[in-house]
Structure formats: structure tokens, C-alpha cells
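Chains A and B supply the protein sequences, listed in that same order.
All you need for our numbering is the position in the first sequence, starting with 1, plus 69.
All you need for our numbering is the position in the second sequence, starting with 1, plus 41.
Hint data in this document are derived by calculation from the structure and do not stem from the laboratory.
Source: prediction; values computed, not measured.
Among the hints, erroneous ones may be present.
Capping the alpha-carbon separation at 27 Å, the derived lysine-lysine pairs in BS3-like fashion look like this [claimed, not checked]:
1. A:LYS275 - B:LYS171
2. A:LYS275 - B:LYS99
3. B:LYS164 - A:LYS279
4. A:LYS279 - B:LYS99
5. A:LYS251 - A:LYS226
6. A:LYS279 - B:LYS171
7. B:LYS164 - A:LYS116
Stretch by stretch, here's where chain A covers chain B in the computed footprint (C-beta under 8 Å, at least three residues) [claimed, not checked]:
8. 67-80
9. 177-184
10. 195-204
11. 209-216
A virtual CB, placed ideally from N, CA and C, is assigned to each residue, including glycine.
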Amino acid sequence: MARPKLPRKSTNVDMTAMCDVAFLLLTFFILATKFKPPEAIEIVTPKSVASKVAPSKDVVLVSVDRDGKVFFSVEDNDVKKEIANEINTTKNLGIDVNAFVSAPFIGVPFSQLKSFLAMPETERKANMLPGIPVDTTKGPNEMIDWMRYAVSAYQGKKMNLLLKGDNKSKYPSIEGVINAFKKTDQLKFEMVTNPEAVPTGSELWKLAQKGQRTED
Amino acid sequence: MAEMDTSSSGGGHKKGPGVKKGKKMSTRVDLTPMVDLGFLLITFFIFTTTMSQPTAMKLFLPKDADKPDEQNKIKESGALTILLGGDNTVFYYEGELAPNGANFKSANYSNGDDGIRAVILRKKASTPEKDLMVVIKPSPQCTYKNVVDALDEMSINVIKRYALVDISPVEEQLVEKSVSAAATQSK
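Next comes chain B alone, as it looks inside the complex:
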């Protein structure tokens, strides 16, 4: 029977003294550099990966109604108007603006008691839900961030009805006056 000769040399019999054994080479490869390279690339890709996708917030605009009877009526008691001024200032009034500006108050973007979130929550707690309407009026001085923050505040406080409305000249003047007054006071 034919047989494979598996031994290294010498046809199966024991090697005599002086016959050198063929050195067996190890099949192991040093993988350290490969691992190094692998981890280097991993680090690179971890840092370049943008995990956070940009998100989008939806906004529905009110349609401009030309005729006054087509306009949406809101109850005065349930209205909260938020005015966004320059230098990250916020002002608000409830209901209709008093001619002398008595109910025109200032707030800020902080989480504190005089922050706009507390104002919204107070209003929300004191008005029945179907009457509540928040009107956001950005002045020309405010930034886009302010607008997004204000709109975001609506979704944070789960306000169902809110609208982005153009500011009226009277309100704009009031905001401007208050902003400049605050600026001189802090100096």
C-alpha cells in the first residue's frame, strides 16, 4: 500500500547522531502592528462620525386674513404675548397691552422663577386649556436663536395653540425702550 511519508526526513527510522533536524518555522505572525493600525483607524472613524443628525421642528404659520371677521378670535383672558427683544431679552404681557404699558413685564431665558418658562407655566395653570393662546412676537433686534428658543419653549411646555406674529410699532417701541433702559442700568 502506498503511504505518505510524513516524517521530516530519513524515511521513518530514527535519525542518527549528527543529522540535523530541519528547523520548524512557526506559523505565527506578529499581529501587533496590525492591531495598532486597526485601532488607529477606529479612533479616526469614531471622531469623524457625526452621530447626531440634524433635527427639524415643524411650524405652521397662520394664514394672513385680510378681513377682520376672518381672523381667529382669541379670548383676551387666555392670551399671552411674548415679545423677543435684542440682547437676549424677553418681555411679555397678558391679555391686551394696556395703553400706559402697565402690564408690560420683562422676563429672561433662564430656568428661574422670572424665566419665561415659569411665566408660561403660570399662565397655563391659571387658564382653561381651550382659551390659552401664546403669541410670539419677535422684534427686529432679536436673533433667530431667540425665535427658535421661544418656539421650543412651546413644545417643552406642551402649549397646543401658539403663533408667530409680526410685532406692532407700539410694542416695538416699548421693547426698544426697555432694552435701552436695562442697558443703561447695568452700566
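Next comes chain A alone, as it looks inside the complex:
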């Protein structure tokens, strides 16, 4: 008996739909990705339950690395220029304003500022630099001066003061920075942290469950 011939089915699958999905996802991720700028200062920030995203505009950032060295950086180029001019007039250092503006961060005492700015940018590694002195037992707290410049440059504008410390940095450097904030009447600042879940069962968690959590 002759068997009825089964029609041979093609093994080809239509890939078009899958391809569509793949590229849709691809487009999404490409657009959603924000590349981290390479950081010259390596800092692992502690975790906190704070859920407010750190501001990214008009930022004055004071970083403290794991060895307790303090670095100062300002985002805005106009503000940087103002600060540089101010330093030149008050301290008579004769620093290169353009180099100051292009420097991503400052991590030396005022006495070394000129040679720091003359250095090629690739050599300015955080671990090679002394940091801004804040320890009052060894000399003046230069952070106070930096804060003063920043405050006067940001006069009339909103300044977001951020403190970014490493998990391992010891408290004296942080204290020096906080004292400098106090001295310049900057009593409101924010600390950069990594988000962390609120522990279940805690008071804040209960508030969040009730939908009352207010972020201030």
C-alpha cells in the first residue's frame, strides 16, 4: 500500500518578529544608558535609605577618599572661572584660569595649586595628590577658603552642596569638611549615598506602607 506522502515542512522560522523585538529592546537600552564619566577619584559611597536622587545641577562637590584626602570640584565652568579669578586677586597665586576651568577637580593645597594646574591632566591621579588640607592641627583648614570662594561665586543662585565620602574614610577629614561648611554658614548639605531598601518592620517601613513617606 502506498503511504500518503507527508508534505515536507520547511524548518525555516520567520525571524522578522524576533528581530523587531530585539532591536526595539536594543534601542531602548541604548537610549536609556548613561555612561558613567570616568572618575579620577575612586570612592565607594555608603548605603542609606534616602530615596531622593542626588542633584546634578549647580553642584559643588566635596569628595573624601578612603585615605581621608579631600577634593573639591565644581561643575559649572562660569563659576569655576569666577573662583579662579577670585583666587588670583585675593591670594596672588597667578594661576592659569583656563587650566583651572578645565580641571575636573582640585586636590592640592593652595601653595601647590599652580604646579598642579601645570601638570598634564592624565597625571592628576587622586592617589598621588595630597588633597586639600583640612586638619587644623597641621595648618589652616583650606576648605574654608574654598567654600568661601564657592559661596561668593554662587551668590544669588542656588548652590547644591554635596559631600561624597568613602566608606572607609576616617571621621576627622569629614569633620574638617563639615567644620568648613559651618564656618561659611552652609548648614544645609547633602551626602551622596547608594540607595538601600528600608528594613522591613521599621518605623519608616510602616510609614511607607501607609503611603505617608515624605522625602525631605
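Using the hints, position chain B against chain A.
Here is chain B on its own, set in the frame of chain A:
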């Protein structure tokens, strides 16, 4: 009427035997490599995307008041002072520090019964809310993480009034003594 000749060849009539049909090429393209590439890139972007933005916790510093009458008065019964020592140690006392250090107790960062969270909650439960004031005093040995953890504990336990205050020499000595005592004990 003019008509488009749609047939492949031969002007509409049936092809005779021996006339080969022009082979119809498929318009299908093999999309497999393209999909491969697509998914490879997706994987790359998923892994490089930083989904978690850094957050920021706000802190208001108390203004340094030079004159004693300008300083904020807190009720002794409602005060809880937390001292942060080196090696992730925490100490605390309620009210004012006794001269002999009798009310100076130690805690830790765990979630347990002797953890600092339990201490804060006990204090919170036993004091009226308007009197409660938590003072955080970091010693020079403690790390920034300890400070942030302590401040975080304030927001976790919804403490309204708290302050970051410099440590006094007496307290610093007590903390140091207790830390070194604990270190020798564990050896």
C-alpha cells in the same frame, strides 16, 4: 487596450515542453545573524546600564552658638547620645554622662536586641516625642560609613530631632578605653 504582461515568459500561452521556467528567487533573508547581533548588543547595554542613580541624604547642621543662652536646651530625660567608635563599635548613654561612666553602655550595628536600632526604639517608646533628642557624636576613629549609618538610623526610626555634634575629650577617652578593652577581650 494595453495590458501589462505579467506572466514570466511566453506571452500568456502555456509553455511548451522543454522550456525552462525562470527560477523564482525567494525574497526571504536569513535574519538569524542579525538577531544574534541584536541580542548581543542588548546584553552589553543591559550590563553597562547603571540603573541605580546615587541618592542623597540631607543633613542640617546646628549652628554653632557661642553664648550658652543661645544654645538649644534639651531635656535631660529625653536625650540619647550615641557615640561612634573605631572598629564599628557604638556606645550610648541616656541623659547626661555620669561622672563614673555608669550609664555608658555599648551597642552594635546589628538588628538584634542589643543593636543600636533597638536602643533608639526603646528610648523613643519611653520618652514623649517633643522631648526626644538624639545626639550623634563620632569619635576620630570611626569611619564615614558609621556616621552615615547612624544618620540613616534616624530616618529609619523616624526620629525628628537629631544632631551631629563634636565629641568631648572625656567621651573620647571613654570610647577609646572601651574599644581597646573589647579588643583585648576578644583575643
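Hint check:
1. A:LYS275 - B:LYS171: Roughly 21 Å separates the two Cα atoms, so the pair holds.
2. A:LYS275 - B:LYS99: Roughly 21 Å separates the two Cα atoms, so the pair holds.
3. B:LYS164 - A:LYS279: Distance of about 24 Å is within 27 Å: holds.
4. A:LYS279 - B:LYS99: holds, 23 Å
5. A:LYS251 - A:LYS226: holds, 19 Å
6. A:LYS279 - B:LYS171: Holds. A:LYS279 to B:LYS171 sits at ~23 Å (cutoff 27 Å).
7. B:LYS164 - A:LYS116: holds, 25 Å
8. 67-80: holds (count 8)
9. 177-184: With 6 residues closer than 8 Å to chain A, the stretch 177-184 of chain B meets the three-residue bar; holds.
10. 195-204: holds (count 4)
11. 209-216: With 0 residues in contact (Cβ-Cβ under 8 Å with chain A), the coverage given for the stretch 209-216 of chain B is violated.
This entry does not satisfy hint 11, going by the numbered hints stated previously; all others are met.
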